[in-house]
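Each chain, written out:
There are 2 protein chains.
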Amino acid sequence: MSKYSIGVDFGTESGRAVLVDVSDGHEVATAVYPYSHAVIDESLPDGGPRLEPDWALQDPQDYIRTFKSTIPAVLKESGVDPEDVIGIGIDFTACTMLPVKADGTPLCDLPAYRSRPHAWVKLWKHHAAQPEADQINAVARKMGEGWLDRYGGKISSEWFFAKTLQIVNEDPEIYDAADRLIEAADWVVWQLTGEETRNSCTAGYKAIWSKREGFPRPEYFAALNPRMEKVIEEKMTTKIIPIGQRAGGLSAQAAGWTGLKADTAVAIANVDAHVAVPAATVTEPGRMVMIMGTSTCDMVLGTEEHIVPGMCGYVEDGIIPGYFGYEAGQSCVGDHFAWFVENCVPAAYEQEAKERGLDIHQLLEEKAKALKVGESGLLALDWWNGNRSVLVDVDLTGLLIGATLATKPEEIYRGLIEATAYGKRIIIETFQKNGVPIHELVACGGLPEKNKLLMQIYADVIGLPIRISASKQTPALGSAMFGAVAAGKSLGGYDSIYDAARVMAHLKEEKYTPDPENQKVYEKLYAEYVLLHDYFGRGSNDVMKRLKAIRSEARG
Amino acid sequence: MSKYSIGVDFGTESGRAVLVDVSDGHEVATAVYPYSHAVIDESLPDGGPRLEPDWALQDPQDYIRTFKSTIPAVLKESGVDPEDVIGIGIDFTACTMLPVKADGTPLCDLPAYRSRPHAWVKLWKHHAAQPEADQINAVARKMGEGWLDRYGGKISSEWFFAKTLQIVNEDPEIYDAADRLIEAADWVVWQLTGEETRNSCTAGYKAIWSKREGFPRPEYFAALNPRMEKVIEEKMTTKIIPIGQRAGGLSAQAAGWTGLKADTAVAIANVDAHVAVPAATVTEPGRMVMIMGTSTCDMVLGTEEHIVPGMCGYVEDGIIPGYFGYEAGQSCVGDHFAWFVENCVPAAYEQEAKERGLDIHQLLEEKAKALKVGESGLLALDWWNGNRSVLVDVDLTGLLIGATLATKPEEIYRGLIEATAYGKRIIIETFQKNGVPIHELVACGGLPEKNKLLMQIYADVIGLPIRISASKQTPALGSAMFGAVAAGKSLGGYDSIYDAARVMAHLKEEKYTPDPENQKVYEKLYAEYVLLHDYFGRGSNDVMKRLKAIRSEARG
Numbered sequence: 001m002s003k004y005s006i007g008v009d010f011g012t013e014s015g016r017a018v019l020v021d022v023s024d025g026h027e028v029a030t031a032v033y034p035y036s037h038a039v040i041d042e043s044l045p046d047g048g049p050r051l052e053p054d055w056a057l058q059d060p061q062d063y064i065r066t067f068k069s070t071i072p073a074v075l076k077e078s079g080v081d082p083e084d085v086i087g088i089g090i091d092f093t094a095c096t097m098l099p100v101k102a103d104g105t106p107l108c109d110l111p112a113y114r115s116r117p118h119a120w121v122k123l124w125k126h127h128a129a130q131p132e133a134d135q136i137n138a139v140a141r142k143m144g145e146g147w148l149d150r151y152g153g154k155i156s157s158e159w160f161f162a163k164t165l166q167i168v169n170e171d172p173e174i175y176d177a178a179d180r181l182i183e184a185a186d187w188v189v190w191q192l193t194g195e196e197t198r199n200s201c202t203a204g205y206k207a208i209w210s211k212r213e214g215f216p217r218p219e220y221f222a223a224l225n226p227r228m229e230k231v232i233e234e235k236m237t238t239k240i241i242p243i244g245q246r247a248g249g250l251s252a253q254a255a256g257w258t259g260l261k262a263d264t265a266v267a268i269a270n271v272d273a274h275v276a277v278p279a280a281t282v283t284e285p286g287r288m289v290m291i292m293g294t295s296t297c298d299m300v301l302g303t304e305e306h307i308v309p310g311m312c313g314y315v316e317d318g319i320i321p322g323y324f325g326y327e328a329g330q331s332c333v334g335d336h337f338a339w340f341v342e343n344c345v346p347a348a349y350e351q352e353a354k355e356r357g358l359d360i361h362q363l364l365e366e367k368a369k370a371l372k373v374g375e376s377g378l379l380a381l382d383w384w385n386g387n388r389s390v391l392v393d394v395d396l397t398g399l400l401i402g403a404t405l406a407t408k409p410e411e412i413y414r415g416l417i418e419a420t421a422y423g424k425r426i427i428i429e430t431f432q433k434n435g436v437p438i439h440e441l442v443a444c445g446g447l448p449e450k451n452k453l454l455m456q457i458y459a460d461v462i463g464l465p466i467r468i469s470a471s472k473q474t475p476a477l478g479s480a481m482f483g484a485v486a487a488g489k490s491l492g493g494y495d496s497i498y499d500a501a502r503v504m505a506h507l508k509e510e511k512y513t514p515d516p517e518n519q520k521v522y523e524k525l526y527a528e529y530v531l532l533h534d535y536f537g538r539g540s541n542d543v544m545k546r547l548k549a550i551r552s553e554a555r556g
Numbered sequence: 001m002s003k004y005s006i007g008v009d010f011g012t013e014s015g016r017a018v019l020v021d022v023s024d025g026h027e028v029a030t031a032v033y034p035y036s037h038a039v040i041d042e043s044l045p046d047g048g049p050r051l052e053p054d055w056a057l058q059d060p061q062d063y064i065r066t067f068k069s070t071i072p073a074v075l076k077e078s079g080v081d082p083e084d085v086i087g088i089g090i091d092f093t094a095c096t097m098l099p100v101k102a103d104g105t106p107l108c109d110l111p112a113y114r115s116r117p118h119a120w121v122k123l124w125k126h127h128a129a130q131p132e133a134d135q136i137n138a139v140a141r142k143m144g145e146g147w148l149d150r151y152g153g154k155i156s157s158e159w160f161f162a163k164t165l166q167i168v169n170e171d172p173e174i175y176d177a178a179d180r181l182i183e184a185a186d187w188v189v190w191q192l193t194g195e196e197t198r199n200s201c202t203a204g205y206k207a208i209w210s211k212r213e214g215f216p217r218p219e220y221f222a223a224l225n226p227r228m229e230k231v232i233e234e235k236m237t238t239k240i241i242p243i244g245q246r247a248g249g250l251s252a253q254a255a256g257w258t259g260l261k262a263d264t265a266v267a268i269a270n271v272d273a274h275v276a277v278p279a280a281t282v283t284e285p286g287r288m289v290m291i292m293g294t295s296t297c298d299m300v301l302g303t304e305e306h307i308v309p310g311m312c313g314y315v316e317d318g319i320i321p322g323y324f325g326y327e328a329g330q331s332c333v334g335d336h337f338a339w340f341v342e343n344c345v346p347a348a349y350e351q352e353a354k355e356r357g358l359d360i361h362q363l364l365e366e367k368a369k370a371l372k373v374g375e376s377g378l379l380a381l382d383w384w385n386g387n388r389s390v391l392v393d394v395d396l397t398g399l400l401i402g403a404t405l406a407t408k409p410e411e412i413y414r415g416l417i418e419a420t421a422y423g424k425r426i427i428i429e430t431f432q433k434n435g436v437p438i439h440e441l442v443a444c445g446g447l448p449e450k451n452k453l454l455m456q457i458y459a460d461v462i463g464l465p466i467r468i469s470a471s472k473q474t475p476a477l478g479s480a481m482f483g484a485v486a487a488g489k490s491l492g493g494y495d496s497i498y499d500a501a502r503v504m505a506h507l508k509e510e511k512y513t514p515d516p517e518n519q520k521v522y523e524k525l526y527a528e529y530v531l532l533h534d535y536f537g538r539g540s541n542d543v544m545k546r547l548k549a550i551r552s553e554a555r556g
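Listed in order, the protein sequences are those of chains A and B.
Be aware that the first sequence starts at 1, since it is given in the numbering used here, and climbs by one per residue.
Be aware that the second sequence starts at 1, since it is given in the numbering used here, and climbs by one per residue.
Be aware that a few hints might be false.
It does not matter which identical chain is meant; a pair holds if it fits inside one copy or across any two.
Keeping only pairs whose Cα atoms sit at most 20 angstroms apart, straight-line, the calculated DMTMM-like set for lysine to aspartate or glutamate is [stated by the list, open to error]:
{"id": "1", "residue 1": "K261", "residue 2": "E195"}
{"id": "2", "residue 1": "K261", "residue 2": "E553"}
{"id": "3", "residue 1": "K408", "residue 2": "D395"}
{"id": "4", "residue 1": "K354", "residue 2": "E342"}
Bear in mind the hints are in silico, worked out from the structure with no lab data behind them.
Hey, can you work out the whole structure from these sequences and the hints?
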């Protein structure tokens, strides 16, 4: 008799459940719930003040509605008996966090706080805590906090304590009223099991926790704001549970929401990008996983602790238990091409695509593919949205060089693709130079499916073979795998994520292999990229920052 | 009784005659003849070999047809009695040259040579003589020829002896068969008067002649190719006539073509850009004329001889008798915006322009005008077609920096306009620093009419007031002015171009004055432009050239 597991992937605009056959990873049924309030970035659902620019909130009840809607739907679609569903895992965007009462009730669900923006969920892309991030970094540097090195020397405004400090600064009553401050990932697991747990992935990557050193010391938090001195003791916990554990069993209430059996195993929460790693078959060092969408996350495992300059962070047990999980990223990949298509593609191309029944990206890919490597004479720096790794600098901007009156749109499009490939190569070489070996790439996410030219360019530029994850919904599959591990072998699941990955995770047959002729030309172009990268990115000419400063002044 | 003069402007695609009232410069009638063979760049009119890329030829009979078509047309339209037409002047693109027999018959009109490409007129934009230009420069440097400095250290492939040397190298029989090698400007005057003359403008700017030193010495020409040793003596002349003189009277034959009186005064030939200077009211130092179209020519007069680095050239009596005429240029101005509109404007903008009944340039101008100075955060180097002044380097390419995911098309469009303004400021400052004062700008050509935003940006960036020529066909007006000078005061014309300009040339009332607030921001942006200009343009990082080399290799 087959056993099944359910993975629930909480994205930015919707939640998605996938019901998976534990014996082979087959994805039997999928259901998606578009959040009723999606991203709240103008005003709160029940009114209240207009939100400042850069705010991005969510309604926690949208997550509960995701469970109520999608799990019954996959059960119904598949016809699977809830008796045969042995586990659930979830993954979430991060850092997405909220203030709650001791019983888990979100402050925004209490009438007293419903009109207070800081009572709501702060979504990962809430970017209004930059002043707080600046303070966190400045104070850490001043106090010589060693943990700063683990995060490439810089804590992001997206992360847990930047968001927390913003609450403290702007609405201290909310901070005081919050019994707990918690990642949404952990909060939804709490709602499923009735028990609060904290996972090592978000704690490590987003909340400055490490297995060996724990959280920053109270003196540091007190230096940020005296109110925060005991933030860990009072509103969080030092009990951090590694990825791959069972968080608890499904509560009777959650069984009612979902139609699943009470006490079904629920896995410790995980992050969308990180959970994709084992789902892309990677449970060992040497193969880097690239989760490629609007932006890109790069994940690689290591057996040793290394300070790699310009990485987003590394966390022991953060991706796969027993390994250091290293994360890097590029902040503008799919977004780059979307920007180009929206702003720079002439009407004649739109018309041609329409007449030939092609998507505009397909038309551009076709035209760009016909170009020989180097024949456009163009080179770009892929910094339209700053540089996450390895320069860790949001104030860098995009550059295009080599344009002539003969330059065609497809040449610029290809130049942008190539620029992201050069940026990726710098990340990979930085890992390699700092003791984290990489010999193969595994891609997942939306882009590898859609753009074969892009994958071949990556292989040619980087000089490594690239495999593609078989699943089109890798994070949800990864969560289902962790659900099966939470259930354990005795219940028909697996005792470890390694065992689960061997059976449930798959790669496509197709493989992208570097073309030696293309590589030769890309070597030359990459050398030029590195020269410009270092000139504009490492302080020789800070024109990009000065232009941004002039821009800010002009906008007033 | 009013007197009239006719100016004939020979452009790239057509010839234009304007009949002008000598008493006030009023343009009474205009007629245009589109050349029947336009630009010959694929194959000769009667067949023959397929032309190589970069070739651009013309049919000299198109020039004769211009006289036959347009002059009778303006006489008819105006109703002016040919008795009252006192003079004719012509201006031409340059260097546009052809091989002819001693009687003026073009070699291409002889059956023996009709299928030989080198027998035809080489148009200014014939770009196939680059190897010859390289040789001319290398040999001149090696032999220490002093004249090289007068041309910014580099002779262009467009110029007279590069084209001549290409004939010598590739079809020496044509070279030998040619009794004369002559600028088309001088050739059409010859056809009008029956007498061969050579003007100081094309001789000086395009054929390495100067009033004080004459042409390069025979030893130099012999070093290029022994066949060329006596090129001046055998196929040209050392008798060069200053601008502003009478070439002769209209021949009976030409009177028959045109309907004008025989012996009507014909002025010495001139170049389209240069003849525009007095027509834009400028006959004295201090005011620079910008002829703004697809590319831009900048002309300024000086009383002394100065070596100004990176200029196209300076010629005594080359623009206005008695002055040194300095010429600089930008190789990509209107072309820049045309490229942008063709390749980078999204369908939504085309749609909006259509719905609102606007030209796409008008829509972009409107959107770009709404931007505050500096608010886009963008900066460009305007080198899409290389840099003519002051770097004199065709291998430089375009650069755009500061792009983000929020960058809009109108921001890039404005950035390109600003880039050409920064480039202009460098030209002006280079003149000023080297002893050629400039305190006001006068613009003419197509762009100033069409784009008021561009003119205001130029005033703000450069920090000088800008006036606009009143005539929409400034070169033709200038030629008519020289026609009136050729006739002289005794016949109802003028004794000098100064007198003619005072009466016949006019500026528009409107004036563009620098806005001090905008200037403040542009000072900062210009400093950034100069930094990038020098970094990429003066050898610190020759990435543009290396990318071009990679491009050439890729194209094979």
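Against the earlier hints, flag every one the structure doesn't satisfy and list their numbers going up. 2
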